[in-house]
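Make the full structure from the sequences, and use the hints.
Chains A and B, in that order, give the protein sequences. According to this note's numbering, numbering within the first sequence proceeds without interruption in unit steps and concludes at 308. According to this note's numbering, numbering within the second sequence proceeds without interruption in unit steps and concludes at 349.
These are calculated hints, taken from the structure and not from any lab test. Among the hints, a few may not be true.
Said to hold, decoys possible - Chain B is nowhere near these chain A residues, computed Cβ spacing over 12 Å in every case:
1. H33
2. T121
3. V144
4. L247
5. D295
Unchecked claim - What follows is a set of in silico ranges between Cβ atoms, one per label pair, in the way DEER data are often shown:
6. D73/B to Y72/A: 39 to 49 Å
7. V57/B to Q193/A: 25 to 35 Å
8. E201/A to D73/B: 51 to 61 Å
9. S140/B to R204/A: 30 to 40 Å
10. K200/B to P254/A: 33 to 43 Å
We treat Cβ as the ideally placed atom computed from N, Cα and C, and that holds for glycine.
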Amino acid sequence: MGNTEIENAKIEKRLPASENPVKFTSFYHDAVRRLRRDKIATVCFVFIVFMALTALFAPLIAPYDQSYQDIEAVMSRPTPKHWLGTDEFGRDILSRIVYGARVSLAVGIVAEAIAITIGVVLGALAGFYGGKTDAVISRVIEMFAAFPQILFAIVIMFVFGTGVINVFFAIGFVGWTSVARVIRAQVIQLKENEYVEAARASGGSNLAIVARHLIPNCLSTIIVIATMEIPADIMYEASLSFLGLGVQPPQSSWGEMISVARRHLRSNPGYSIYPGIALVLTVLAFNLLGDALRDALDPKLKNL
Amino acid sequence: MDFLLLKFILNRLWQAVVVLVGVTLIVFVMVNVAPGDPVAVMMEKKADAATIERIRQQMGLNDPLYVQYWTFLKNSFSGDFGNSYFQKLPVRALLARGFAVTGSIAVGVLLFSIAVGILMGILAAVFRGRSADRLIMLVSTLGMALPSFWLAIILQLVFGLWLKVLPISGLKSFKAYILPSVALGMIYAASLARLTRTNMLDALNQDYVRTARSKGAGETAVVVVHAFRNAAIPILTYLGTLMKSILGGSVLVETVFAINGLGRLLVDGIMKRDIPVIQGCTIYIAAVFVLMNLVIDLVYGLIDPRIRAAKES
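This is how it looks when you write it as structure tokens:
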């Protein structure tokens with residue numbers, strides 16, 4: 005993959021865009037090239053990588069541990085020692101925001117992986133088999149989609165109890181219906197293709213056709229949905245933790261920080277503002293990258 | 037009435053009933069999987085084992101699960117969710133009270149997001165590519181990334197604590213509705229603006245718009261009467277989903293502004309493990325959404341034969 009990319013880059017340098025020999029490029033290389041030209045997408049991608057590294061190396065980056073209490077500086081305003089001030093226990097707000105990135109990004113990845121797995125399997129089955137299977141799965145999708153997502157996640161947290169692992173499952177369980185709908189529609193279209201007929205003629209079983217031909221052909225759609233749903237998942241986690249039903253203190257999460265900070269709005273407004281800015285920037289970066297990916301990979305999803 | 041239309045209506049009604057039964061099943065299973073004995077919760081650990089056993093018997097909690105579910109299903113469809121463990125009131129009364137409050141917020145949110153979102157979307161489409169369009173799109177991109185609860189706090193800080201022009205809690209006056217409506221409505225206004233812009237651009241490029249212009253229709257008439265009326269259909273479809281999100285999202289602004297609506301009722305019920313309240317809220321909210329979608333689908337089916345056909349296949 006790397007080699008072809010380099011070759012493509014060379015070709016690109018030698019020839020103006022109009023004479024670019026398209027036959028050398030695969031669909032995904034083409035998409036990556038289009039994305040690289042998109043400045044906003046590049047900035048967002050760099051920001052997300054930066055956040056991911058921050059989350060990964062939080063103990064090295066954060067000036068203090070997330071639960072270290074500086075008893076001499078409780079609820080302090082920003083100082084050279086504590087850049088964004090401290091909270092009601094004298095914990096460094098910047099450090100807690102850095103550690104909070106772990107929860108937000110992990111939720112985005114793990115919860116979305118759960119949602120995609122359930123959604124792709126059920127959506128592909130419904131689309132491929134049609135008839136009764138489709139009717140049953142479609143009704144199940146409607147049943148689960150009948151609950152407002154945040155309320156459904158709240159009730160799941162009630163059933164399983166609070167904590168970060170349960171947040172993953174609650175949000176994953178909430179998000180699969182939209183994935184299933186899109187994949188179902190796409191599989192219905194794809195299964196009419198000749199390669200499906202060819203696979204069947206050469207003795208491919210139904211399962212093999214779904215797993216080897218139909219699902220891989222939905223890959224670009226899956227990537228687009230995942231990028232567009234990750235910010236929603238991050239928002240749900242923040243909302244759950246804000247309501248006191250998600251990540252529990254002393255572990256820090258942006259939603260949990262905002263929830264506590266609300267009680268100190270008069271004395272320390274920054275405490276509410278900073279974690280929110282981290283949340284907004286992360287969601288914004290994923291939203292914009294998702295838009296760009298959609299345009300590059302799958303313009304048909306424009307109205308999603 | 038033709039046979040196909042009747043078939044479509046019956047089919048759609050049947051689907052709605054199946055989904056509603058499924059909703060009760062999901063709620064029933066979830067509540068039964070949840071740890072903790074409801075009677076012990078209800079008695080707040082004051083009762084001895086024998087009393088708890090007697091009450092379990094009375095409440096039918098010792099019956100086989102399918103008998104319990106059947107009773108639960110019948111009661112749900114008649115709107116009887118029992119009494120709250122703590123407030124000693126029928127859940128139905130609490131739901132009615134909560135819905136009146138949440139409904140009034142939802143109206144505020146809808147008005148704000150529709151008015152601002154559609155107006156901005158139309159303006160952006162009309163001034164496509166110019167700075168007004170770019171500004172509106174920039175603001176809407178930002179708006180879609182703003183979590184309602186955080187925006188609510190920022191609005192409280194600015195308009196309540198610093199400028200002191202708007203109340204920061206309760207719903208006592210008309211002014212009190214402004215901040216909750218804006219906080220929750222911002223994200224929907226932003227997405228409506230984008231949706232309206234896309235559909236307006238589409239409509240403005242159609243032949244009938246050119247025809248209207250060549251007939252000498254004024255620019256306002258072209259935009260509002262000819263283009264917007266055609267762009268409105270996908271926007272209307274979006275409103276169903278929008279209502280569901282507002283009902284859900286309301287819990288967050290209700291928390292920030294200390295408003296006792298449906299969302300607060302559910303979260304308080306969960307904190308106290310008040311099972312009848314949890315069951316009532318979830319089923320009620322899901323039922324409202326299912327019925328709303330049913331009405332939207334039926335209306336579309338009556339208006340547009342193409343949708344009827346698409347839903348059937």
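Each hint tested on the structure:
With a minimum CB-CB distance of about 28 Å to chain B, H33/A clears the 12 Å threshold, and the non-interface call stands. With a least beta-carbon separation of about 20 Å from chain B, T121/A lies farther than 12 Å from that chain, consistent with its non-interface assignment. Residue placement check: V144/A does not keep its beta carbon more than 12 Å from all beta carbons of chain B (closest about 7 Å). The beta carbon of L247/A is not kept farther than 12 Å from every beta carbon of chain B, the shortest such distance being approximately 6 Å.
The non-interface label for D295/A is inconsistent with chain B: the shortest C-beta to C-beta separation is roughly 9 Å, within 12 Å. Our hint of 39 to 49 Å for D73/B and Y72/A holds, since their Cβ atoms are close to 40 Å apart. Between V57/B and Q193/A the beta carbons are some 31 Å apart, a value that agrees with the proposed interval 25 to 35 Å. Under the hint 51 to 61 Å, the C-beta atoms of E201/A and D73/B, about 58 Å apart, fit the expected range.
As the Cβ distance of S140/B to R204/A is approximately 57 Å, the hint placing it in 30 to 40 Å is violated. At about 35 Å, the beta-carbon gap between K200/B and P254/A stays in the expected band of 33 to 43 Å.
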